[in-house]
Amino acid sequence: MVDLSVKIHDLNLKNPVMAASGTCGFGEELADFYDVSLLGGIFLKGTTLKNRDGNPYPRMAETPSGMLNAVGLQNKGIDYFIDNIYPRIKGYKTALIVNVNGSTIEEYIQVAERVNELEKIPAIELNISCPNVKEGGMAFGISRTDAEAVTRVVREAYTKTLIVKLSPNVTDIGEIAKVVEGQGADSVSLVNTFLGMAIDAEKRIPLLSTVTGGLSGPAIKPIALRMVWQVAQAVKIPVIGIGGIMNATDAIEFLLAGASAVQVGTAIFKDPFTPLKIIDGIKQYLSKHKISSVSQLTNTLHM
Amino acid sequence: MKKAVNDFIVLENTALNATNYYIRLKSPVLLPEISPGQFVNVEIKHTDEVFLRRPFSVFEVSQGENTISLLVKVLGKGSKTLSEAKAGDTISLVYPLGKGFTKPQRTDRILLIGGGSGVAPILFLSKWSGLPKGNIHILIGARSNTDHIDTRNYSGLGEISLTTEDGSCGFRGLVTEHPLFTDEINTFNKIYTCGPLPMMKAIAKAAARENIFCEVSLENLMACGFGVCLCCIEPTTKGNLCVCTDGPVFNINILKW
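Top line first, the protein sequences correspond to chains H and P.
The opening position of the first sequence corresponds to residue 1 in this note's numbering, with each subsequent residue numbered one higher.
The opening position of the second sequence corresponds to residue 1 in this note's numbering, with each subsequent residue numbered one higher.
Be a bit skeptical, because a hint or two may be false.
What the hints assert, rightly or not - Distance condition first, Cα-Cα at most 30 Å in a straight line; then the derived DSSO-like pairs of lysine-lysine:
#: 1; chain 1: H; residue 1: K221; chain 2: P; residue 2: K45
#: 2; chain 1: P; residue 1: K2; chain 2: H; residue 2: K277
#: 3; chain 1: P; residue 1: K3; chain 2: H; residue 2: K120
#: 4; chain 1: H; residue 1: K203; chain 2: P; residue 2: K2
#: 5; chain 1: P; residue 1: K77; chain 2: H; residue 2: K277
#: 6; chain 1: H; residue 1: K76; chain 2: P; residue 2: K201
#: 7; chain 1: H; residue 1: K7; chain 2: H; residue 2: K134
#: 8; chain 1: H; residue 1: K50; chain 2: P; residue 2: K99
#: 9; chain 1: P; residue 1: K127; chain 2: H; residue 2: K134
#: 10; chain 1: P; residue 1: K73; chain 2: H; residue 2: K283
#: 11; chain 1: P; residue 1: K3; chain 2: P; residue 2: K103
#: 12; chain 1: H; residue 1: K203; chain 2: P; residue 2: K256
#: 13; chain 1: H; residue 1: K120; chain 2: H; residue 2: K76
#: 14; chain 1: P; residue 1: K73; chain 2: P; residue 2: K205
#: 15; chain 1: P; residue 1: K45; chain 2: H; residue 2: K50
#: 16; chain 1: P; residue 1: K77; chain 2: H; residue 2: K76
#: 17; chain 1: H; residue 1: K93; chain 2: P; residue 2: K256
#: 18; chain 1: P; residue 1: K77; chain 2: H; residue 2: K221
#: 19; chain 1: H; residue 1: K134; chain 2: H; residue 2: K221
#: 20; chain 1: P; residue 1: K73; chain 2: H; residue 2: K203
#: 21; chain 1: P; residue 1: K80; chain 2: H; residue 2: K90
#: 22; chain 1: H; residue 1: K90; chain 2: P; residue 2: K238
#: 23; chain 1: P; residue 1: K2; chain 2: H; residue 2: K90
#: 24; chain 1: P; residue 1: K45; chain 2: H; residue 2: K76
Source of the hints: derived by calculation from the structure; they are not laboratory data.
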């Protein structure tokens, strides 16, 4: 038997494979396929203070080995989540993590305060990296001072495990990671999507209503892996790796580069069973290499 | 579980004409109930150029033989690759997805209008509706004779009328110019349609004007097909809804057309 459990600050995970925010709804859509208690955790769809309709259609464009999206945080707001969705999903036997968003620092604080009251939510992921909203989002994650400010106040408002989700659209992601660590973040998750663009040359139009959007999928994996490695060198808090993970080998590469756990995102669109296949693949890898615990893989690259 | 991902085996792939293929797939497990308008999301293998699955409306279901059939119209790289599938190949499907058409009442007189690959759910609906032949009229439009698939197998289910834009068979013109639509639309109390957006919008406009129940099946671009990516949204009176889970079939009275 191999030990798959990992700990992200006070957050105990039965295994290191979680579903990324924006790719698994509120867990219910995956529960149509399988028992979601098999997952290490579920990062719920990005939630804001008030209802957001998101961006106009078209919001998606397929690209080589990946896709662009410009959803723009469509959600019904934190009150709707607490009153209608939370009661339906709180029984899931897996870590449920709310992805917290805002257009202003005040909104981030209010959402974090509301989530702090929810008994079955052991952690939040502070999203300062959404590239698809006009105000807030990534703006907070690409500025050292803004990242510092929002992390500081949310840290004051939120008492449980605070994970900060970082944007890759920066010059030095290690520096931003260090800044949020300095303000009391318990963990960082990375990367969110890369700002990209796609064009229909025949029609001479952008393929997304917002012109630009966030690139995800295996196309970004090597860059995400490099950034996880850089951040793991820069901070002492646990790192959660995200970015184009399609299979167990990809996930193991992120662990070796310094991640304590991973999130699977775009791969779920292709096959909702991907996280479960990755869990099985990690088990096999550990057995084959006679490693007793998955946590022994983290940051163990032979240099 | 309500939904599944499984490898189906290709039993048959027959070219129906220059651009349409009929692909029959055997399920490895007992099929759930599937209704017209519901779809499957098909993995496209052996190509680096197609990353996401491709959604296809279910054309036929045989619970007895545990098979489903798709009508694949070649439009791009995904459908082109799928059209080259050979008997014995395995193809991964995510299924059953979406909400289908509302089942008609015994006394309804229904007009089914299909265009392009939209004929798949429309013909499926003619079979599934269970209505007597006299109560179903099927109107199918295409550019030319060579774009029409053979619908003779369906002639026992309802009256079939064909249109072509070049007049090479049936009525010359668009489905919305056919006398059934221009003169006799009021003899129907339900209209169901699937096809190109301009066609469906013209149909919806007429149905709304005549106050006739009308359902349309949309095909907005989607990534996941099961309600998590929020890419295929359609603005409605109930806000942005997902075509993949709230649809693809919508009553026109909630659409903002």
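Hint check:
Among the hinted pairs, K221/H with K45/P is consistent with the structure: their alpha-carbon atoms are about 21 Å apart, no more than 30 Å. Proximity of K2/P to K277/H is assessed by CA-CA distance (about 20 Å); at most 30 Å being required, the pair is judged to hold. The hinted pair formed by K3/P and K120/H meets the criterion: a straight-line CA distance of about 27 Å does not exceed 30 Å. Between the alpha carbons of K203/H and K2/P the distance comes to roughly 40 Å, so the proposed pair goes past 30 Å and is violated.
Distance check on the hinted pair: K77/P and K277/H sit about 28 Å apart at the alpha-carbon level, within 30 Å; holds. With a C-alpha separation of about 29 Å, the suggested pair K76/H and K201/P falls inside the 30 Å cut-off, and the hint holds. For the proposed pair K7/H and K134/H, the alpha carbon gap of about 35 Å is over 30 Å, so the pair is violated. At most 30 Å may separate the alpha-carbon atoms for a hinted pair to count; K50/H and K99/P meet this at roughly 29 Å.
In summary, the hint linking K127/P to K134/H is not supported, as the alpha carbons are separated by about 49 Å, beyond the 30 Å threshold. With a C-alpha separation of about 42 Å, the suggested pair K73/P and K283/H falls outside the 30 Å cut-off, and the hint is violated. Restraint check for K3/P and K103/P: the C-alpha separation of about 21 Å stays at or below 30 Å, so the hint holds. For the hint pairing K203/H with K256/P, the CA-to-CA distance comes to about 25 Å; that is within 30 Å, so the pair holds.
About 20 Å separates the Cα atoms of K120/H and K76/H, which keeps this hinted pair within 30 Å; it holds. At roughly 27 Å between alpha-carbon atoms, K73/P and K205/P fall within 30 Å of each other, so this suggested pair holds. For the given pair, K45/P sits about 41 Å from K50/H by alpha-carbon distance, which is inconsistent with the 30 Å threshold. Proximity of K77/P to K76/H is assessed by CA-CA distance (about 36 Å); at most 30 Å being required, the pair is judged violated.
Under the criterion of a C-alpha separation no larger than 30 Å, the hint pairing K93/H with K256/P is inconsistent with the structure, at around 40 Å. The hinted pair formed by K77/P and K221/H meets the criterion: a straight-line CA distance of about 24 Å does not exceed 30 Å. At roughly 26 Å between alpha-carbon atoms, K134/H and K221/H fall within 30 Å of each other, so this suggested pair holds. Between K73/P and K203/H, the direct Cα distance comes to roughly 22 Å. Compliance with the 30 Å bound is thereby established for this hinted pair.
The suggested pairing of K80/P with K90/H is violated, with an alpha-carbon distance near 44 Å, which exceeds 30 Å. At roughly 26 Å between alpha-carbon atoms, K90/H and K238/P fall within 30 Å of each other, so this suggested pair holds. Taken as a hint, the K2/P and K90/H pair is honoured in the structure, with Cα atoms around 20 Å apart against an allowance of 30 Å. Pair hint K45/P plus K76/H does not hold up; C-alpha atoms about 37 Å apart against a cutoff of 30 Å.
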